[in-house]
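Hey, can you work out the whole structure from these sequences and the hints?
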Amino acid sequence: MTIITKGMMFDAIIIGGSYAGLSAAMQLARARRQVLVIDGGQRRNRFVEYSHGFLGQDGKKASAIASEGKAQLMAYKTVTWVEGQATSVARQDEGFIVTIEGQGNYQARRLILATGVTDDLPAIEGLAERWGRSIFHCPYCHGYEIDNGRIGVLATSPLSYHHAMMLPDWGQVTLFTNLCFEPDAEQLSALQKRGVTIVAAPVSKISGLATVELQDGRQHDMDGLFTMGTIRINSPFATQLACEMTEGPMGTVIRTNEIKATSVPGVFACGDAARMAGNVAMAVADGAMAGVAAHQSMIFEAKAA
165 MTIITKGMMF DAIIIGGSYA GLSAAMQLAR ARRQVLVIDG GQRRNRFVEY
215 SHGFLGQDGK KASAIASEGK AQLMAYKTVT WVEGQATSVA RQDEGFIVTI
265 EGQGNYQARR LILATGVTDD LPAIEGLAER WGRSIFHCPY CHGYEIDNGR
315 IGVLATSPLS YHHAMMLPDW GQVTLFTNLC FEPDAEQLSA LQKRGVTIVA
365 APVSKISGLA TVELQDGRQH DMDGLFTMGT IRINSPFATQ LACEMTEGPM
415 GTVIRTNEIK ATSVPGVFAC GDAARMAGNV AMAVADGAMA GVAAHQSMIF
465 EAKAA
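With positions in the sequence shown counted from 1, the corresponding number in this note's numbering is that position plus 164.
Please keep in mind that the hints were generated in silico from the structure rather than gathered at the bench. Check before you lean on any hint, since a few could be wrong.
The list that follows gives simulated cross-link-like pairs (lysine-lysine, DSSO-like), each with its CA atoms no further than 30 Å apart [to be verified]:
hint	residue 1	residue 2
1	Lys241	Lys225
2	Lys369	Lys357
3	Lys224	Lys241
4	Lys225	Lys369
5	Lys234	Lys224
In structure tokens form, the structure reads like this:
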């Protein structure tokens with residue numbers, strides 16, 4: 165670990181120490197650059213016990229992947245890790261300055277935003293406490309483990325049609341429209357061809373493992389549920405820096421190009437805060453690209469201006 169001295173200029177500050185931030189830091193550390201990682205300790209997938217679909221890590225505890233990644237990163241002598249909440253970021257002549265609550269200011273030539281997002285879930289009784297355990301968002305992450313069982317889709321918008329169309333590859337699907345979505349004739353025909361059962365009634369609550377209770381008193385026992393909430397970026401830093409944003413059906417994310425550069429020179433973004441959909445594997449890939457691009461920008465670009 166680098167000993168921080170007064171007025172020290174890091175090559176890069178990475179805000180967020182989950183999968184994307186760890187991966188970005190690894191690339192810079194291997195280039196022997198001075199890197200500061202600031203982490204608030206809230207992984208998006210902290211509610212999930214096991215991670216799936218990540219080559220070489222399939223079925224491993226999500227927390228173990230993160231902790232082992234951090235341990236591997238901290239073996240590099242040019243990496244400094246600070247636990248805390250970054251409160252503000254700003255441009256300065258030679259790069260950027262980041263303020264950490266109760267810990268002062270830190271400077272860097274480049275800035276990587278890997279802050280992640282928060283899931284705003286549908287306001288259905290019993291849903292939040294089952295999130296990541298028997299209620300999920302990503303079929304590729306959790307569909308296989310339902311083992312061709314009974315899968316419910318809790319509609320939140322017309323986008324739920326895509327969930328309902330995909331999930332029959334993982335089990336027997338029932339779409340609960342919950343007054344949020346009514347398939348048109350073409351969609352209804354496509355759903356029927358996929359073997360999807362449609363229940364057009366408001367949902368009261370979720371009980372048991374994944375039992376959907378309707379307001380009319382009917383109950384449907386499921387082996388797992390999938391739904392779509394909306395997302396919120398976990399920090400205002402992209403807005404503070406005037407980065408361009410992209411609005412989508414699930415929320416707003418930071419706009420980046422193919423190398424994860426934002427619209428602000430010297431600022432890169434990766435992970436769930438910079439893509440509409442993702443998982444651990446995609447976050448790691450995103451971070452690797454951002455780290456490599458940030459490193460190369462310090463060689464081929466004179467300054468972050």
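Evaluated hints:
| no. | hint | verdict |
| --- | --- | --- |
| 1 | Lys241 to Lys225 | 27 Å, holds |
| 2 | Lys369 to Lys357 | 29 Å, holds |
| 3 | Lys224 to Lys241 | 27 Å, holds |
| 4 | Lys225 to Lys369 | 29 Å, holds |
| 5 | Lys234 to Lys224 | 16 Å, holds |
Violation of the numbered hints given earlier is absent; every hint is satisfied by the structure.
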